[in-house]
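Fit chain B to the supplied structure of chain A, relying on the hints for placement.
Sequence lines, in order, name chains A and B. Counting in full-length UniProt numbering, the first sequence runs without a single skipped number right up to 307 at its last residue. Counting in full-length UniProt numbering, the second sequence runs without a single skipped number right up to 474 at its last residue.
Just so you know, not all the hints are guaranteed correct.
[To be verified] Distance ranges between label pairs, derived from CB positions:
1. A:Y173 to B:A294: 19 to 29 angstroms
2. B:D97 to A:A85: 22 to 32 angstroms
3. A:W242 to B:S457: 47 to 57 angstroms
4. A:W242 to B:L106: 51 to 61 angstroms
5. A:W51 to B:V99: 19 to 29 angstroms
6. A:A291 to B:S457: 21 to 31 angstroms
7. A:A291 to B:G253: 40 to 50 angstroms
8. B:K200 to A:W242: 54 to 64 angstroms
9. A:A135 to B:G253: 55 to 65 angstroms
10. A:A135 to B:D97: 25 to 35 angstroms
The hints are simulated quantities; they were obtained by calculation from the structure and are not laboratory data. What you are looking at is a predicted structure, and each value in this text was computed from that prediction instead of being measured. Beta carbons: idealized from backbone N, C-alpha and C, even for Gly.
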Amino acid sequence: MTTAPAPVPGRPARVRGPAQDVAGLGVARAVGFLAPALLLIGAFLVFPAIWTIYIGITNYRLTGVEAVSPSIVGLANYTKALNDALFHNALWLTVLFVLGSAIVGQNILGFALAWTMRRARPAVRRTVEGLVLLAWILPSTVVAYLWIAFFDRDTGTLNSILGTQGTAWLIDYPMVCLIVFNTWRGTAFSMMLYSSALQAVPPSQLESARMVGASGWQTLRDVVFPHIRGHVLTNTLLISLWTANDFSPFLLTKGGPNHESETVPVYIYNVALQGGELGYSSAISFLLLIANLLVALLYLRLLRRRS
Amino acid sequence: MRRISRLSRLAVLGSATVVLLTGCLGSSGDGSGDQDSNRNADAKKVELTIGSNSVKGGKSSAGATFTEDVLIPKFVEAQKAKGVDVTVKFQGDGSDDEVYKQKLALSLSNKAGPDLFSLDGIWVGEFAQAGYIKPLTDTVGDAAKVNDWDGWKQIPESVQQLGSFDGKRYGVPGGTDGRVLFFNKKLFQRAGLPADWQPKSWDEIISAAQALKKVPGVTPVQINAGTAMGEATAMQGVLPLLVGTGATINSDGKWLGNTPQLRQVLDFYKTIYGSGLGDPVLQREAKGRDKSFAEFAANKIGILLESDYFWRSVVEPKEGVAKMADRDTAVGYALIPAGKPGAGVKGQDFVSMSGGGATAINPNTKFPQQAWELLQFMNSAEMVKASLNGAAKITQRTDVNTEVLAGDPMLNFVATKVLPITQFRPGLAEYPKISAALQQATADVVGGKSADAAAKSYQAAVEAAAGKDKVTSS
Chain A
1 MTTAPAPVPG RPARVRGPAQ DVAGLGVARA VGFLAPALLL IGAFLVFPAI
51 WTIYIGITNY RLTGVEAVSP SIVGLANYTK ALNDALFHNA LWLTVLFVLG
101 SAIVGQNILG FALAWTMRRA RPAVRRTVEG LVLLAWILPS TVVAYLWIAF
151 FDRDTGTLNS ILGTQGTAWL IDYPMVCLIV FNTWRGTAFS MMLYSSALQA
201 VPPSQLESAR MVGASGWQTL RDVVFPHIRG HVLTNTLLIS LWTANDFSPF
251 LLTKGGPNHE SETVPVYIYN VALQGGELGY SSAISFLLLI ANLLVALLYL
301 RLLRRRS
Chain B
1 MRRISRLSRL AVLGSATVVL LTGCLGSSGD GSGDQDSNRN ADAKKVELTI
51 GSNSVKGGKS SAGATFTEDV LIPKFVEAQK AKGVDVTVKF QGDGSDDEVY
101 KQKLALSLSN KAGPDLFSLD GIWVGEFAQA GYIKPLTDTV GDAAKVNDWD
151 GWKQIPESVQ QLGSFDGKRY GVPGGTDGRV LFFNKKLFQR AGLPADWQPK
201 SWDEIISAAQ ALKKVPGVTP VQINAGTAMG EATAMQGVLP LLVGTGATIN
251 SDGKWLGNTP QLRQVLDFYK TIYGSGLGDP VLQREAKGRD KSFAEFAANK
301 IGILLESDYF WRSVVEPKEG VAKMADRDTA VGYALIPAGK PGAGVKGQDF
351 VSMSGGGATA INPNTKFPQQ AWELLQFMNS AEMVKASLNG AAKITQRTDV
401 NTEVLAGDPM LNFVATKVLP ITQFRPGLAE YPKISAALQQ ATADVVGGKS
451 ADAAAKSYQA AVEAAAGKDK VTSS
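Extracted from the complex, chain A is given alone in its bound form (with noise of 0.2 angstroms):
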């Protein structure tokens, strides 16, 4: 601790300035620490990234002539995008997805049940949580089947349950279900969030509110939001970017019927394998892209003024 470590002979360097040869070194190592990381962010995320941007400005194609000389075609393809009915009704739809199953349907589901989980006795809670994390874990393709099966027009249970039988929920209702699919999927990550937020609310404050008579929505309002503010951004943003770039939609109407469930991944896909226009949708990517990034700033932004 007191000593300080000795002049090596035959190493003036070391003599000369202890603060720049440590710094010296420290960058050396650091580049040597750092490198995997880099060379992989490089490789899996700055490369694709710089190259959908470049994809997105060609008229590249997946067949065709210009799947082997492809040319630079500029802004043309957001230009097109601009004028692209079905991108603006894929936007519209994204914008939908969002409210309905993740600000608004995981958000409530998962404080309600956390909420309710608060005072329940420990297993009763881990149980609650186990089954609803279940929905969390599963592979979303095997969770995308039973809902198919679920809400199927001939077969399903839904129809059984409701009494509604031969109503095809898939063709005439394809975004509700969506919404539905997603808001029950995505629930347990928001309830897991909350019930740890809530563990920060002083038991004191909340017994002092129930005191002084304040009712549940006041207690909710004036003491536990004001807690959990910052939870509740974080949460929203982290569900709302997953949700927008989420490609489940696909895997139970596949867009359909006739472009109604076709939020912008799921047209990403559409247009670049079944289209095979590569270029055009390298440049909507990009634009889902420069979205989240709005969002993520927003959020951000709100996040801040609160600290």
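This is chain B only, laid out in the frame that chain A set:
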């Protein structure tokens, strides 16, 4: 200051990367044209893979079973006799046709993919333009050897189109088909309709459907529509109807736009799906076509426009995906009538469309010569006959057809009555987009739009796909 310099460094990095990528993208697809077609010609140990959209126990099961259990062992044996040790793998797939096409195109664009693969006749143009497949004379080289194959003489010119593009052979066609109206004789009897039904106009289809509507729990008629059905909408829906109005989808180098004939077809859809004669929900389901097969087999659909594939592989009593044990007595078939007698293309009373696929060789195969040998073997009279395994199917080979079709009245009907009046789709690279526009137009009508409004949107879509000057309208 510092911020700006960091930004500019990023910009330099970014643009350098883009320049680098430009080079990459531009070069893709090149460099395979000058491959030596005789590479590994004398190899004693050979590995080949056959790719096909069929799978044992699933999609087109019979074809996959034959390839794995008969074709491959026979070929391996034949090669062994020549002192060559061949391993042939079968890479089966059971996807929707569009999905299979994407998978194939993606692997071919990466210079991978099976050595031989089957592809739909209408993809040949797109794949050829992308360089994913090359004329057989390029891939295999030695032009004489390819063109001298005695099999070509047995394959009719029209059928050869399925594997050709721009007048060059890219693959060997694998048979063709024809479309008819299938009907359920049991339901027809209950509706008081004749067992030897043959409508002579669209009106007669409608009146039969109206009679069927009185039978409870029955969807009278099912004609593919909408985008969920994909190409099935074009082949088992719009196109056969369109030729029934006297029009073809592409004539004199121009695509058919918003014309009276197109509106007539859309009106027909409107009549069926707007008045409860067809099930509009079925048209919008992702698995609608499969469901309609199952419903037909369960005696719930009266009339279905389908290809002979339906007879061979769907309601086929033993191997079909929706088996009907009593197929031969319960399923009737009739020619598709023109809108009105004589109103069809070339003044015909009855019409049809045909399709089919081809098997091509991957230009990047390690063993082009052996792949060509396998392709010839696969299409030899002996193997084509063996592939039928006693069943009948319209094959690519005339010599086989004359022998095997006599045993199956339905397929004989297609070969003798339907093929002479049939039409093929244009093998042009724009076709898939036009087809998509047709699918959308029918989807619009089934979804409630007027035929006029749907036809207008269709015109815009076709103009966007092919260019304004290449579209007719009136």
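Each hint, compared with the structure:
{"no.": "1", "hint": "A:Y173 to B:A294: 19 to 29 angstroms", "verdict": "holds (23 angstroms)"}
{"no.": "2", "hint": "B:D97 to A:A85: 22 to 32 angstroms", "verdict": "holds (27 angstroms)"}
{"no.": "3", "hint": "A:W242 to B:S457: 47 to 57 angstroms", "verdict": "violated (34 angstroms)"}
{"no.": "4", "hint": "A:W242 to B:L106: 51 to 61 angstroms", "verdict": "violated (27 angstroms)"}
{"no.": "5", "hint": "A:W51 to B:V99: 19 to 29 angstroms", "verdict": "holds (24 angstroms)"}
{"no.": "6", "hint": "A:A291 to B:S457: 21 to 31 angstroms", "verdict": "holds (27 angstroms)"}
{"no.": "7", "hint": "A:A291 to B:G253: 40 to 50 angstroms", "verdict": "holds (42 angstroms)"}
{"no.": "8", "hint": "B:K200 to A:W242: 54 to 64 angstroms", "verdict": "holds (58 angstroms)"}
{"no.": "9", "hint": "A:A135 to B:G253: 55 to 65 angstroms", "verdict": "holds (56 angstroms)"}
{"no.": "10", "hint": "A:A135 to B:D97: 25 to 35 angstroms", "verdict": "holds (34 angstroms)"}
Going down the numbered hints, you'll see the structure goes against 3, 4, while the others check out.
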